[in-house]
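The sequence shown: position 204 = 203 (numbering that gives the first Met the number 0), numbered continuously.
No lab work stands behind these hints: they were computed from the structure.
Errors might be hidden in some of the hints.
Derived DSS-like pairs (lysine-lysine); straight-line CA-CA distance at most 25 Å [claimed, not checked]:
#, residue 1, residue 2
1, Lys56, Lys264
2, Lys43, Lys3
3, Lys61, Lys42
4, Lys197, Lys152
5, Lys42, Lys3
6, Lys61, Lys40
7, Lys152, Lys166
8, Lys43, Lys61
9, Lys61, Lys264
10, Lys40, Lys132
11, Lys47, Lys61
12, Lys43, Lys132
13, Lys166, Lys3
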Amino acid sequence: MRKKASTTARLVAIGRAMADLGMSHVPNFSDPTARTFLAEKGKKALAKTEQAFREPKPSYRKEAARVMADLMALRTSAIDAAVRTAITQGATQLVILGAGFDGRAWRMPELAGVRVFEVDHPATQTDKRERVKELPPALADVAFVSIDFEREKLDATLERAGHESAKPTCWIWEGVVMYLTHETMRATLADVGARSAKGSTMVVNYHTVRRGWIAQLIFRLIGEPQISSWTEAEMAADLRAAGFTVSDDSGMTDWNLRFAAGSAKVQRGFYMRVAVAEASDN
0 MRKKASTTAR LVAIGRAMAD LGMSHVPNFS DPTARTFLAE KGKKALAKTE
50 QAFREPKPSY RKEAARVMAD LMALRTSAID AAVRTAITQG ATQLVILGAG
100 FDGRAWRMPE LAGVRVFEVD HPATQTDKRE RVKELPPALA DVAFVSIDFE
150 REKLDATLER AGHESAKPTC WIWEGVVMYL THETMRATLA DVGARSAKGS
200 TMVVNYHTVR RGWIAQLIFR LIGEPQISSW TEAEMAADLR AAGFTVSDDS
250 GMTDWNLRFA AGSAKVQRGF YMRVAVAEAS DN
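Turn these sequences into a full structure, and let the hints guide you.
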C-alpha cells in the first residue's frame with residue numbers, strides 16, 4: 000500500500016499553479032488553491048519557474064512551463080464547464096473519484112450548498128487534509144472518503160460516507176482511469192452506475208493511447224505507471240454498460256479552441272479526452 004501522497008497529483012497541482020500565475024494561454028484561469036497543495040520542494044521549483052517565465056529571453060524552462068500550464072488549465076476548464084452544467088441541471092452531490100489535490104470545493108462558487116465527496120487513497124488524502132487548513136473554509140460541504148480502488152468497493156464506501164443514491168450526482172474521474180486496469184475501472188464504474196439517480200452525470204478523463212516511452216519510464220520509476228487507454232468507442236461502451244449515455248466527448252484540440260482561442264500548443268496532450276455521460280432512465 001502506498002505510504003506517500005501521489006506524485007502525479009503533485010505534478011497536476013504544479014501545472015495548475017503555473018496556470019494560476021498566468022503562464023497558460025487560457026485567459027483569466029484561476030486556481031488559488033493549487034500552490035497550497037505543493038510540498039516545499041514543489042514550491043521552490045514553482046518559484047524558479049515563475050522567475051524564468053518573467054525573463055524576457057526565451058528558454059526551454061519557460062516553454063516547458065507554458066506547455067504544462069496549458070495542458071492542465073485546458074483539462075481543468077473542460078471539466079469545470081461540465082460540472083457547472085451538471086449542477087445547473089439539478090445535481091446536488093459531487094463525487095470526485097481519486098480527488099488528489101483537487102481544489103474545486105474551495106474555488107467554485109457554483110458548489111455552494113453542494114455535498115462534495117472527495118474519494119481517494121488514504122496517503123494522499125491525509126496530506127491534503129493537513130494542507131486545506133491553510134485555505135479559507137470550503138464553499139461546499141466536503142466529506143473526505145478514504146479508499147483503495149484496487150481493494151475496496153466504492154458502493155459500500157460511499158454508502159457509509161452518507162452519499163444518497165436517490166439524488167442526482169455529478170461524478171468526476173480526472174487523471175485516474177489510465178492508472179487502473181480495465182477490469183478495475185469497469186467494476187468501479189458499475190458501482191457509480193448503481194448509485195446514480197436519474198439526472199446524474201459522469202465526467203471521466205481518459206487517454207486514447209499510452210504516453211511515449213520516456214514518459215512511461217518516468218511514471219513507472221515514480222511508481223505510478225499508466226497501464227490503460229481507451230478509444231472513444233471503447234469508453235462509450237464501458238459507460239453504456241454502467242447505465243450512462245455519452246452526450247459529449249472532447250479532446251485537447253477542442254478545449255484549445257473553446258478556452259484559449261486556439262493559441263496553445265497542445266500537441267503533447269493529443270491523447271487526453273473527457274467524456275461527459277448522463278445516467279440513462281431506469
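Structure-based check of each hint:
{"no.": "1", "hint": "Lys56 <-> Lys264", "result": "holds (19 Å)"}
{"no.": "2", "hint": "Lys43 <-> Lys3", "result": "holds (20 Å)"}
{"no.": "3", "hint": "Lys61 <-> Lys42", "result": "holds (16 Å)"}
{"no.": "4", "hint": "Lys197 <-> Lys152", "result": "holds (22 Å)"}
{"no.": "5", "hint": "Lys42 <-> Lys3", "result": "holds (18 Å)"}
{"no.": "6", "hint": "Lys61 <-> Lys40", "result": "holds (19 Å)"}
{"no.": "7", "hint": "Lys152 <-> Lys166", "result": "holds (20 Å)"}
{"no.": "8", "hint": "Lys43 <-> Lys61", "result": "holds (16 Å)"}
{"no.": "9", "hint": "Lys61 <-> Lys264", "result": "holds (13 Å)"}
{"no.": "10", "hint": "Lys40 <-> Lys132", "result": "holds (19 Å)"}
{"no.": "11", "hint": "Lys47 <-> Lys61", "result": "holds (10 Å)"}
{"no.": "12", "hint": "Lys43 <-> Lys132", "result": "holds (21 Å)"}
{"no.": "13", "hint": "Lys166 <-> Lys3", "result": "violated (34 Å)"}
When the structure is compared with the earlier hints, a violation turns up for hint 13 alone.
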